[in-house]
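Work out the full structure: start from the sequences and follow the hints.
Number of protein chains: 2
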Amino acid sequence: MSDLPIIPEDKIKSASQGLRAIAHELRLSVLCLLLERPMCVHELIEATGAAQSNLSQHLSKMRMLGILESEKRGQEVMYSIANPDFAELVNALKQIYCPEMVCAAPTAKEG
Amino acid sequence: MSDLPIIPEDKIKSASQGLRAIAHELRLSVLCLLLERPMCVHELIEATGAAQSNLSQHLSKMRMLGILESEKRGQEVMYSIANPDFAELVNALKQIYCPEMVCAAPTAKEG
DNA sequence: TGATTATATAAGTGGAAACGAATATATTTC
DNA sequence: GAAATATATTCGTTTCCACTTATATAATCA
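As you go down the protein sequences, you meet chains A and B in turn. Mapping to my numbering: the first sequence position 67 is 67, numbers consecutive. Mapping to my numbering: the second sequence position 111 is 111, numbers consecutive.
None of these hints come from the bench; they were simulated from the model. Just so we're clear, the structure is a prediction, and the values are computed from it rather than from any experiment. Please note that the accuracy of each hint is not assured.
A pair counts as met if it fits within one copy or between any two copies, since identical chains are not told apart.
Pairs of lysine-lysine residues, derived as DSS-like cross-links and limited to a Cα-Cα distance of at most 25 Å, are as follows [what the hints assert, rightly or not]:
| id | residue 1 | residue 2 |
| --- | --- | --- |
| 1 | K11 | K72 |
| 2 | K94 | K72 |
| 3 | K72 | K61 |
| 4 | K94 | K61 |
| 5 | K13 | K94 |
| 6 | K13 | K61 |
| 7 | K72 | K13 |
| 8 | K11 | K61 |
| 9 | K94 | K11 |
Rendered as structure tokens:
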């Protein structure tokens, strides 16, 4: 019997599901790209070098999980990050793994 | 040819490896527990309800990845978080998934 | 309307990860 | 030194993921 603050099972389940969702090289790359601006599928294909079908499946998975949202524009489909939590999470990762690429909160000193 | 700030492949690879490492319910639970204080294996078994062999395998995996470190104390083995980045990451998750459990940076107003 | 472009979905396959069962190793106690 | 406790490791099985190939749908254009 410990008096530890146990995290509820369902929270753990959601969190690990969220992590699994972004713990994939291609999906993470896509999220990093969409952090900059919304993009359509063929832009993402070009930027990542992924196969069309494969990328489409990953996009679809992230959309179903509420991470991404999509909007049809003509024959293209624009994808963007739907859940700001994931934008934050990816930013946190960038700060850990490539601090020099994160322009972070501007210190209000530089131009 | 886009002028997007592409994240280098090896950074993506490290990041997604790190995410996969914690994107598992049991491993994430362990990390949350160890966020409080170092614990020995049978404490973790009791707190998580996991099978001994299974938990041991996960601990071993996280130790090999540099996430955890262990110190033998008598016949027990104490585990703790070795890499502060992961502590931060897990804290970030807590803020997203259970904000009410995070005592965060004290606002210096409450007792 | 037929061809082309953009994207999605389905089906099959290969490989990795997780788990349980059994066993091994180290430490303590008697 | 034998039993008990604490933890690690090995092995075999199953389950889950990702990827490719092929096909479907929708929009545009000729």
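A quick look at each hint next to the structure:
1. K11 - K72: neither (33 Å within a copy, 32 Å between copies)
2. K94 - K72: Answer is neither; intra-copy 29 Å and inter-copy 34 Å both fail.
3. K72 - K61: within (17 Å within a copy, 43 Å between copies)
4. K94 - K61: both (22 Å within a copy, 24 Å between copies)
5. K13 - K94: So K13 and K94 pass the 25 Å test inside a copy (24 Å) and across (12 Å) alike.
6. K13 - K61: Both, since 17 Å and 20 Å are each at most 25 Å.
7. K72 - K13: Result: close neither inside a copy nor across copies, 32 Å intra and 31 Å inter.
8. K11 - K61: Classified as both: same-chain Cα gap 20 Å, cross-chain 23 Å, threshold 25 Å.
9. K94 - K11: Intra 24 Å, inter 9 Å, cutoff 25 Å: intra and inter.
Violation of the numbered hints given earlier is confined to hints 1, 2 and 7; the remaining hints are satisfied by the structure.
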